[in-house]
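> Here is how the chains run, residue by residue.
2 protein chains.
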Amino acid sequence: MTQKMIDAMFDRSVAAFDMFRRVAGTNRAALLRAIAEELENLGDTLIKTLASETNLSQTRLVGERGRTIAQLNMFAALVEEGSWVEASIDTALPERQPAPKPDIRKMLMPLGPVVVFGASNFPLAFSTAGGDTASALAAGCSVVLKAHPAHPHSSDLVAEAIQKAARRTLAHCSKAPEDIFIHLHGGNDISLALAQHPAAKAVAFTGSFQGGKALFDAAMTRPQPIPVFAEMGCVNPVVLLPHSIEAFPEALAKQLADSVTLGGGQFCTKPGIIVGINSPAFERFAKTFVVAMNAIQPALMLHAGIAEQYAARRAHVLECKGVNLDEQSVLSEEPKNSLLGQPTVAYTDAQTFLTSPLLSEEIFGPYTLLVRCRDKAELRQVIQNLDGQLTATMMATEADMNEHADIFDDLTQKTGRVVFNGVPTGVEVCSSMQHGGGFPATTDARFTSVGTGAIKRFVRPVCFQNVPDNFLPPELQYRNPLDLWRFVDNKWKQ
Amino acid sequence: MTQKMIDAMFDRSVAAFDMFRRVAGTNRAALLRAIAEELENLGDTLIKTLASETNLSQTRLVGERGRTIAQLNMFAALVEEGSWVEASIDTALPERQPAPKPDIRKMLMPLGPVVVFGASNFPLAFSTAGGDTASALAAGCSVVLKAHPAHPHSSDLVAEAIQKAARRTLAHCSKAPEDIFIHLHGGNDISLALAQHPAAKAVAFTGSFQGGKALFDAAMTRPQPIPVFAEMGCVNPVVLLPHSIEAFPEALAKQLADSVTLGGGQFCTKPGIIVGINSPAFERFAKTFVVAMNAIQPALMLHAGIAEQYAARRAHVLECKGVNLDEQSVLSEEPKNSLLGQPTVAYTDAQTFLTSPLLSEEIFGPYTLLVRCRDKAELRQVIQNLDGQLTATMMATEADMNEHADIFDDLTQKTGRVVFNGVPTGVEVCSSMQHGGGFPATTDARFTSVGTGAIKRFVRPVCFQNVPDNFLPPELQYRNPLDLWRFVDNKWKQ
Chain A
60 MTQKMIDAMF DRSVAAFDMF RRVAGTNRAA LLRAIAEELE NLGDTLIKTL
110 ASETNLSQTR LVGERGRTIA QLNMFAALVE EGSWVEASID TALPERQPAP
160 KPDIRKMLMP LGPVVVFGAS NFPLAFSTAG GDTASALAAG CSVVLKAHPA
210 HPHSSDLVAE AIQKAARRTL AHCSKAPEDI FIHLHGGNDI SLALAQHPAA
260 KAVAFTGSFQ GGKALFDAAM TRPQPIPVFA EMGCVNPVVL LPHSIEAFPE
310 ALAKQLADSV TLGGGQFCTK PGIIVGINSP AFERFAKTFV VAMNAIQPAL
360 MLHAGIAEQY AARRAHVLEC KGVNLDEQSV LSEEPKNSLL GQPTVAYTDA
410 QTFLTSPLLS EEIFGPYTLL VRCRDKAELR QVIQNLDGQL TATMMATEAD
460 MNEHADIFDD LTQKTGRVVF NGVPTGVEVC SSMQHGGGFP ATTDARFTSV
510 GTGAIKRFVR PVCFQNVPDN FLPPELQYRN PLDLWRFVDN KWKQ
Chain F
60 MTQKMIDAMF DRSVAAFDMF RRVAGTNRAA LLRAIAEELE NLGDTLIKTL
110 ASETNLSQTR LVGERGRTIA QLNMFAALVE EGSWVEASID TALPERQPAP
160 KPDIRKMLMP LGPVVVFGAS NFPLAFSTAG GDTASALAAG CSVVLKAHPA
210 HPHSSDLVAE AIQKAARRTL AHCSKAPEDI FIHLHGGNDI SLALAQHPAA
260 KAVAFTGSFQ GGKALFDAAM TRPQPIPVFA EMGCVNPVVL LPHSIEAFPE
310 ALAKQLADSV TLGGGQFCTK PGIIVGINSP AFERFAKTFV VAMNAIQPAL
360 MLHAGIAEQY AARRAHVLEC KGVNLDEQSV LSEEPKNSLL GQPTVAYTDA
410 QTFLTSPLLS EEIFGPYTLL VRCRDKAELR QVIQNLDGQL TATMMATEAD
460 MNEHADIFDD LTQKTGRVVF NGVPTGVEVC SSMQHGGGFP ATTDARFTSV
510 GTGAIKRFVR PVCFQNVPDN FLPPELQYRN PLDLWRFVDN KWKQ
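Chains as they are written, first to last, in the working numbering: chain A, 60 to 553; chain F, 60 to 553.
The set of hints was computed from the structure by calculation and includes no laboratory data. Some hints here could point you the wrong way.
Given that identical chains are not distinguished, each listed pair holds provided it fits within a single copy or across any two copies.
[Claimed, not checked] Restricting the straight-line Cα-Cα distance to at most 30 angstroms, the calculated cross-link-like pairs of lysine-lysine (DSSO-like) are: (1) Lys234 x Lys435; (2) Lys515 x Lys550; (3) Lys160 x Lys313; (4) Lys435 x Lys223; (5) Lys272 x Lys515; (6) Lys234 x Lys63; (7) Lys552 x Lys515; (8) Lys223 x Lys515; (9) Lys346 x Lys380; (10) Lys223 x Lys63; (11) Lys313 x Lys346; (12) Lys435 x Lys380; (13) Lys380 x Lys313; (14) Lys435 x Lys313; (15) Lys435 x Lys346; (16) Lys223 x Lys107; (17) Lys234 x Lys223.
Produce the complete structure using the sequences and hints provided.
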C-alpha cells in the first residue's frame, strides 16, 4: 500500500467524519443497531470463518458475538439517550460587578478519524466491530480499521456488515456513507503510517507491549501529537490472604486454574502472578492448584506466532535461577511450532521476584507464577514493586480485610479494577467498568476501553460563549429539546 | 540542585500524597479555604512584592488576587460537595444467565505528586497558588512547584502561605503536612529533571511553546510516560463578518484594541489575528483600529526577556514580504532592552497568510495581525488552515450567522471556546469553561486548565468489583453517606 493510497483513504474518512459528526444521536444509534443486526445476519458463515482463523470454539465465538452485539446496542442506547455529552451550562449574570458574567455552555464533541487496530484474542468483541469501533462511531468519529492479520477473512465479513449498515441507515446523509468505516489490511509499516497520518486524531489498540508502545511513540513524535489508547500487557496479580486460603484452599485452586486457562490464557486479564504468605494452607492450595492445572487440556492457541511466543517466553522464565516447576508438572515435549499451549505453573520466592524484572512481564497464554512470601512485609514489597495493572484481585475473608486494609489500599493504587473474591477474567460491560490501568497495562490510565466510558476517549469539550440559542447544538439549547441530564448553574437537572 | 536533592523532595512529596489522598473532601476544602485566607493575610506585602517583580499595576494585582482566592474557594466548594468524583454504580444481578452480574462501583482517585510550573503572566492566578495548584490539591494530589524565575520572592511568600495553611489544617494527619506543597527554584535543567522523575505522576505548565513542548517530550520518553497539561501558544482568531462590521466598525475597533493590549497583550487568549473580507466597512474598521491601537500607551512588559522576545518576533514578522504596518502607525525607536511593549498592528492578505507559517505563530505582547480576504472562500481557507486554538471569536449579526453557519462550524472544529460578539480575553472561572484546545494551543485538548473541570486532569477512575460495603470508599457505599449525585444502574440519583 502506497502513501498515496493511505492519503486517499484518510481523505474519504475526513469527508465521512464531516458528515457523521453532524448526525443526531438517534441516527447514530440506528447505525449501531443496524451493525448489530448485520452481524447477526452473517450467521454461521461468520462463526465458521472465525473458527477456522482463530482456533476458538464455536461455542466461545457464539458467546463473543452475543457480547459484541450487546456492546453495539449498549452504545446505541447511550447516544440515543444523549446525556453522555456532559452538557454543562453557566447562565449569564449581566449585572455582575466588576464585569458581567457571560453565558457559557460546554459539551463533548468528536475528535475526528480514529485509527483502530483489530485484536487477535477477541476477534469480535475487541476487533473489527468491537468496543473501540462501537465507541468511536457512537462518539461521532469515523473509523479507519486495520484488520488483525490473524483473521483477515472474518474481518472482511464484519467490515462488509458495518458498511452495509452504514448504507442502510445513513444513505440520506451522504453519497458514500460507508466511508465512516474504512477497512484495510497491512503490516507493521502500515500501522505506523496510520498512527502518523496528519488526518488521524486518535489511536485505539489492544495487543502486545511492543506493538502498543511503537504506536504510542509514533503518535507522540508527530508534529501534532494525538491520544493513543493502547491496552498492552500486565500480570493481573491475585493476592491470597491467610484466612481465605486457610478456609478454601481447594476451591481457590480450582477457581484460579479455570481463570488462568480460560480461552487458552489469552485474555488481557489473565492472572499472571498469584501471591501469598507461605503456610501449610498455602501449600495445600499450591498442590491442588498444580493438579488442577495439569488436569486441564492444552488449548489450541490463536495462531502460530502466539504459540511460539508462549513457548519461548515460558522457557526464558524457567531458565531464571529461583524459578521452578512443581515436580508434578512435567512439560510435555512439544513439537516446535505446535499450536498447543500447555497450562503451566511456575514457583518462585519473593526475593527472586523482586530482583528479576522479567518475572513481572506478561506471558500471554495459560501460564502463571506462584510467588511465595515469607511474611506480610515481603507480600507488601511484592505488591508495591508491581507496575500498573488492569486488575488486582484479593482473596480475603472479613478477618483478612480487617487485618490487611493496607494491602487492599496498595492494590488500589496499582490498578484500574480491584476484584474481591472472584476472578479478573470476564470483564463486565457496563457504565461502572474501568478497563485501563497504569503503564504498561495501558498507555492512558485515565480512560477505559470497556463499558460506556470508552466513548470518552474520542471526544473533547468545546464551550460556547454568548452564542444565540438558535445557533447552539440542541444539547445546549435553553429548552433542552433532547431532554438530557445537564449540569446547569452547578446543579444536575433534567 | 543535585539529583539527590530532587529525589529527597519527591520522597517527601510521595509521603505527603500517601497521607493527603486519604483526607476527606471536607478537610481538603478546609485546606483550600485556609490557603485563600493566608493569601489575603499577606496583604500589601504580597501586592508590593509582586508589583516590583512583574511590572503589573497594583490594581491589576489586587484583581488577580481576588480571582485566585475565588478559584481556591471554588475548588473548596467542589470537593466539599463531592459529586465531582463521578461515582458510578452497577448493582449485582446474582441470578443473571449465563453468568451472574457482579457489583461494580467506580470513582475518580488522585494520580500522585503533580509537578506544576508557575507562569509569569498571571503571577497569582496561574502561578504558585494558581489554578493548577488549587485543582491538584483539590483532587488529593501533592504538588511540587517550580517558581517562575521572574517572580521568585512573590512565589516564596505564596508558598509559605500554602504551607502555613497546610500546617493549620492538616496537622492532625501528619508530622509534615506542609510537604503536600514543595516549592523550589531552578532553571530549565531542573524543569526537565522534575518532569522525568519516576515519582512525578503529571505535569501542569502554562507558558511558551518551546517550554511546554520540551516538558511534553521529556514526559513522553520516560520509561513510564505521564500526562502533560501544557498550555502553550496560539493566535485566538477573531473573525469579523460583513453585516457586523458594516453596523459597528468603530465599536469593534475600540473593543478589539482594548482586548489586544489588555495586560500588555500578555494573555494566552489575546487576539493575535483578526480576519475579515475586504470592503469599505472593513477599511473603516481598520482605520479606527489603528488609531485606537496607536492611542494606547506602551505597557511595561513582565520582564526583560519577554520584552526582547516581543521586539524580536515582531521585527521578524514585519520583514515578511506582504506584511506591512499601516502608514499611520510608526514604530518608535525603542532602545534595546526597553521593557516597553508598543501596541502594533500589522496587515497582510490571505494569500500571504496562507503561505507563511510564521504568521500563524503567537507573538506574545500587544501585537495583532489584520488579515484581509478577497471573499468568503478565502476567509474559510484562512480559518481551515489554522492550528488548534484556545479560543475563536465571531463578530456577527443574526444575518451573518444565517449566511455563515459554515464559518461558525469551521471555528468550532478548531478551538476549545467559541466566543460570540465579545472578546476572548477574560476567561470566566466556572464549571462550563473550556480553556484548552488542539495542539499547539495545549498538549491535551481533552482537558481544561480553568474552571472546576481542571480537577479532572489529576485523577483516574478506579473500579471495585464485589468489594464489601464497609471496605469501600464512602463515595461508593450503599447508603451514600456523603449524599453525592451518583450514576446508579444507569440513572442519576442523589
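> For each hint, tell me whether it holds in the structure or not.
Hint check results:
Within a single copy, Lys234 and Lys435 get their C-alpha atoms only as close as 65 angstroms, which misses the 30 angstroms cut-off; across copies the closest is 26 angstroms, which meets it. In this homomeric assembly, Lys515 and Lys550 come within 30 angstroms of each other (Cα to Cα) both inside a single copy, at 22 angstroms, and across copies, at 18 angstroms. Taking CA atoms no more than 30 angstroms apart as the test, Lys160 paired with Lys313 passes between copies only; the shortest distance there is 21 angstroms, against 63 angstroms inside one copy. For the homomeric pair Lys435 and Lys223, neither the shortest alpha-carbon distance inside one copy (58 angstroms) nor that between copies (38 angstroms) is at most 30 angstroms.
Taking the shortest alpha-carbon separations for Lys272 and Lys515, both the intra-copy value of 21 angstroms and the inter-copy value of 25 angstroms come in at or below 30 angstroms. Only within a single protomer do Lys234 and Lys63 lie at most 30 angstroms apart by alpha-carbon distance; the minimum there is 22 angstroms, versus 64 angstroms between protomers. For a Cα distance limit of 30 angstroms, the shortest separation of Lys552 from Lys515 qualifies both inside one copy, at 21 angstroms, and across copies, at 21 angstroms. For the identical chains of this complex, Lys223 and Lys515 are intra-copy neighbours only, at 26 angstroms inside a copy versus 39 angstroms across copies, given an alpha-carbon limit of 30 angstroms.
With identical chains, the CA atoms of Lys346 and Lys380 are at most 30 angstroms apart within one copy only, with a shortest distance of 22 angstroms there and 82 angstroms across copies. Taking identical chains as interchangeable, the C-alpha atoms of Lys223 and Lys63 lie at most 30 angstroms apart only when both belong to the same chain, with a minimum of 26 angstroms there against 62 angstroms between chains. In this assembly of identical chains, the alpha carbons of Lys313 and Lys346 lie at most 30 angstroms apart only when taken from the same copy (11 angstroms versus 83 angstroms across copies). Taking the shortest Cα distances, Lys435 and Lys380 sit within 30 angstroms of each other inside one copy (24 angstroms), while across copies they are farther apart (73 angstroms).
With identical chains, the CA atoms of Lys380 and Lys313 are at most 30 angstroms apart within one copy only, with a shortest distance of 28 angstroms there and 77 angstroms across copies. In this assembly of identical chains, Lys435 and Lys313 lie within 30 angstroms of each other by CA distance solely inside one copy; the values are 24 angstroms within and 71 angstroms between copies. Taking the shortest alpha-carbon separations for Lys435 and Lys346, only the intra-copy value of 22 angstroms comes in at or below 30 angstroms, while the best inter-copy value is 78 angstroms. When the C-alpha separation of Lys223 and Lys107 is checked against a cutoff of 30 angstroms, the pair qualifies only within one copy, where the shortest distance is 21 angstroms, while the shortest distance between copies is 69 angstroms.
For the identical chains of this complex, Lys234 and Lys223 are intra-copy neighbours only, at 13 angstroms inside a copy versus 65 angstroms across copies, given an alpha-carbon limit of 30 angstroms.
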